[in-house]
Every structure is written in C-alpha cells, then in structure tokens.
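Colleague: For reference, the chains in residue letters:
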Amino acid sequence: MEQKENRKKEIIHFFGQLPVESLYTAGIAGERFLLGLKEGKFLANYCPDCDFVFLPPKLYCEFCFRELKEEDLKEIENKGILLSYTFTHIDTNGNRLENPIIVGVIKMNGTDTGFVHKLLNKIEDIEIGMEVEAVFAPKERRRGSINDIVGFQRID
Amino acid sequence: MRRRVCIVGVGMTPLKALSPEVSYKEMMFEVANKAYNDCGINPRKDVDTFICCSEDYIEGTSIFDEYVPDQLGGALKQVHTIPSDGLFGVCAGILQILTGEFKIAVIEAHAKSSNILTPDGVHMCALDPIYIRPLNVNPIFIAGLEYNSFLYNHLFTKEDCAEVVVKNKKNALKNPYACYGANLTIEDVLNSFPISYPLNELEISSYADGACVVVLASEEVAKDLKKKPIYIDGFSFIQGSPNLEVRSWDFPRATEEAGKRAYEMAGINNPNREIDFCEIDDTYSYKELQHAIALNLNETIINPSGGSLGMGYIYEGTGLMRLIMAVLQLRGEAGSFQVRINNDLPRKAVVQSWRGIPTENSCVLVLSRE
Ligand SMILES: [Zn+2]
Chain A
0 MEQKENRKKE IIHFFGQLPV ESLYTAGIAG ERFLLGLKEG KFLANYCPDC DFVFLPPKLY
60 CEFCFRELKE EDLKEIENKG ILLSYTFTHI DTNGNRLENP IIVGVIKMNG TDTGFVHKLL
120 NKIEDIEIGM EVEAVFAPKE RRRGSINDIV GFQRID
Chain B
0 MRRRVCIVGV GMTPLKALSP EVSYKEMMFE VANKAYNDCG INPRKDVDTF ICCSEDYIEG
60 TSIFDEYVPD QLGGALKQVH TIPSDGLFGV CAGILQILTG EFKIAVIEAH AKSSNILTPD
120 GVHMCALDPI YIRPLNVNPI FIAGLEYNSF LYNHLFTKED CAEVVVKNKK NALKNPYACY
180 GANLTIEDVL NSFPISYPLN ELEISSYADG ACVVVLASEE VAKDLKKKPI YIDGFSFIQG
240 SPNLEVRSWD FPRATEEAGK RAYEMAGINN PNREIDFCEI DDTYSYKELQ HAIALNLNET
300 IINPSGGSLG MGYIYEGTGL MRLIMAVLQL RGEAGSFQVR INNDLPRKAV VQSWRGIPTE
360 NSCVLVLSRE
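Residue numbers (numbering that gives the first Met the number 0), protein chains in the order written: chain A, 0 to 155; chain B, 0 to 369.
No lab work stands behind these hints: they were computed from the structure. Take these hints with a grain of salt, some might be off.
Selected chain A positions facing chain B (in silico; Cβ < 7 Å) [unchecked claim]: (1) Tyr23; (2) Ile27; (3) Thr85; (4) His88; (5) Thr91; (6) Asn92; (7) Gly93; (8) Asn98; (9) Val102; (10) Thr112; (11) Phe114; (12) Ile145; (13) Val149.
Listing some non-contacts, in silico: residues in chain B with all C-beta distances to chain A over 10 Å [stated by the list, open to error]: (14) Ala91; (15) Val220; (16) Ile237; (17) Glu256; (18) Arg260; (19) Met264.
Small disclaimer: the values here were computed from a predicted structure and weren't measured. Beta carbons are placed, not taken as given, at the ideal position from N, Cα and C, and that holds for glycine.
Chain A extracted, bound-state conformation:
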C-alpha cells in the first residue's frame, strides 16, 4: 500500500512572469540633489524645528511634518564618518560573487543622516569610525544619478 502512495505522480505547474517597467520621478528636492552630484556637490537641507540636517534633502521633515524650503538647500563638505559596513558576497540574483561588494553607511559632516553607498577600500582597511570622502565619476560620465558617486574611500 505504501508503495502505491509513493508512486510517481505527474505534477503540473506553469511558468509566468510579471512584465512591469516603470519610471520613477526624482521630485523637486531629489532633482536638486542629483543635479548637485553631477556638479560634484552634496546638497542637504535643514529642519529648524528638529535641528536635523537631511542628506539626501527632503521637501518635508518626517519628524515634525514641517515643509522644508527648496531654496534652503546648502552644500556640505565632502567628508564623513563610517557608521557601519558590510561585505556582500552574493549578487542581485543570489549567486555567489568572486569579489564581495562593500557597502557602508556614512554620516557626512554637518548632517544627521546615514548616507548609504559603496566603499572602495580593501576589506582589511575598513573600520567603523574611519573618515571617508566620496569619489565622483569623471565629469563627462555624470548623469545626475546616485552612481555619479563611484563610492567612498578612506582619508588618512
């Protein structure tokens, strides 16, 4: 009887995909920020009620819900502190990578946020608390994208 239960059954399933493509609007504050990157600059903004500096900048403060003015964007210096890092050994499909991608959270000087981007140093040279700076792509290759920054590197 048990063998009968275990007999090989034909199991039917069908393959399918969700073919979705989208455009994502950067928005007023986002566009200013991304065009800033194209110029090799970091633009941040400030909520006076919360004494909090946002990078990337926002048109509103999520803590007090106050509207933040677009014209109040200020350039901050290209220097920050590494808050955390990780070495990711799989790619976006879950396949193992030969060389890990290193990602960090950086608190840029004069901001209160943790900016997420890649780190360019070797694994053994990375530690929490180290000073880093952004390395921008050559000017002619910048398109107003987060990838206008190649990554961050240690300042010694």
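Given the coordinates of chain A, work out where chain B with the ligand should sit on it, guided by the hints.
Modeller: Then chain B with the ligand, alone, in the frame of chain A:
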C-alpha cells in the same frame, strides 16, 4: 475595563520546503477548515469579515485580493487584503470587532515560496528606486549593515547571535510544524558561508511553504465557542521610515515603540517578570536579540517553537505562524514542545513580527489565558 478581542480558532499546516502537489488555494482551504473546526463555526454563516495578508509580487499575480475569498468561505462577503505581515491583519481584525459591528473575523496569510523563482528580484524591487536600487547590490546588505552596527554599539558578540541559531534549530526538532530543525554547533554557524558580513548563511531563515488561519471573536461570542478563548490584552502596529538614511541601524525603533504601546494597553509594567514566553521575529539571528531587548523580554523563554530560523520563513504568514505557536502553548496544546512554568501552563505571552528588509516596522500582541 477595556473590551478585549479573543483568538478562538487556529489552523496551520506543518511547513515544508516544497509543496508541488497542492495549489496555494488548496493549502488555504485546508487550514481554513482546520481553524473553523477548531472553534466550531461555519464560515458561510458565522463570519462577518475576512482579512488576507498578501503581496502581489510574492504571489506573482497582480490585484491579488480578487483571488482570496472562495477558498476561505468568503465569496460575496466582506473581504479585503493587506499587503503586510499577518499580524497587521490581526490588528485590523481586532479594530473591526471593537467597532461593535463585527463579531467574528478571519485572518489568513500564506506563502508558496517554492514557486517564487526570483525571491531576490522581489526584494530588489522593494528598495528605493532612485537612491538605493541603482547601486545594484543584493538587498541582504541592509541586514549586514544592521548586524555590524548592532555588534559595534551593543554588548553582544557574533557568538551570541550564532547561539540563537543553535537554540532555535534545536527547539524546532521538537516541533512537528517546523521544517528546519537541526543539531548544530556555534562553529557550524560561524563557519557557514558569509552572505553579507557579519551575517552568515545559517543565520538567515530559510523559505518554506505553508498557510495559517486565525479566527478572532468578540469576548461575548468567544464564550460560547468550542475552546477556551485566548485574550488579546494589548496590540500595536508601527511603521518606521522607508528612508534608509534616517533609520536607526543598531536598534529596532519600531519594535520598541510597538512594545511600549501594547504593554501600556495590557497593563504590563515589567515584561521580563510578567511574560512567561515570547514568539518574536528571528528572520536573522541578530534580530531575535534586538527584538528581545527592545521588548524587555531578554530574560524570558524566547521562541520555544524554533522561530522562523527553525520552522521556516513564510513571508506574510510568518507573523501568524508565531501567533499560532503562542496560542498552542497557552492552550496547553503544544505537545512535544510545550512550555511549562513550575509545572503549570504559561499564562502570558508576547508575539511580535517584522516584515523584513528593507522595512522598519513591527507589530506586537500581548496574549493571556484566564
Ligand atoms: Zn522637523
């Protein structure tokens, strides 16, 4: 006294890594029947509202709410879906019953993970499309960043986190609903593949297939049903920020906030002393420690079921799975994995869920039996 809503029926299938023979609808039908039999109700006559927790991308079908009524007995009745963890659906059901307009609510969540051919693709699409997705890194990096920050800022070690995996997989060996029970050593965990430093492969809950149904009722109705009700003394559901740049990397803010609110509602002042055990999120090893300290439950019995590390991760069903495990314990129906406190059944429990990366949310329930 505050009016309370009760859990009167539960149904769940043992989790499996694969379930090629049944469709998700058949899985839902099976557990719905279990839950209805558990409390002795007829869904066509007795249920006022049905809530399913499901996400279109995970189902592979858009506008998924149209696909849920029939297999639950909810056709031509009041049905809606919530794209979040199952415990958020429980909170919606509680609130509907508290209006006084609904007496019995059914909450469902499931996963047929083995049908998702590109789970990393689903996760990728959850990342911010302007600032994060273009970096083209597997979203697991977020767990790596959280974990590293947690170790740096708190007095926990990588070994403490590995110990969570060893404990939960061992607990799961006793739980017939679990599919990833194992006898491991801390070294096994530390030597497993480093997915995103410091997070190793064995510290990540593995996907499973399964479905869960929970039936809620008002206190008045619950008294007349088959089993002794389990009371929901407190509940809260909190959303954090979707923006990675403002989140707290080392500490789950949303869980702390949800815990505070749920404890206040339940009149719990000292969770570590008043709560007998908890079933809390352990999607990744370090998450169990984070959630335990955020909820002040680090001195209680944590995840006697084996958690999702030991049982399996069923996407939006994971919160309901934790809730059902807690209900079985409070009822004294947990059998081989029953918790006893000085030879007595536990009286109070906390259940918590998190929807996983990249979210910063949390739902907390405080349960008791009388
Ligand atoms: Zn503000």
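Colleague: Which hints, by number, does the structure contradict?
Modeller: 2, 8 and 13
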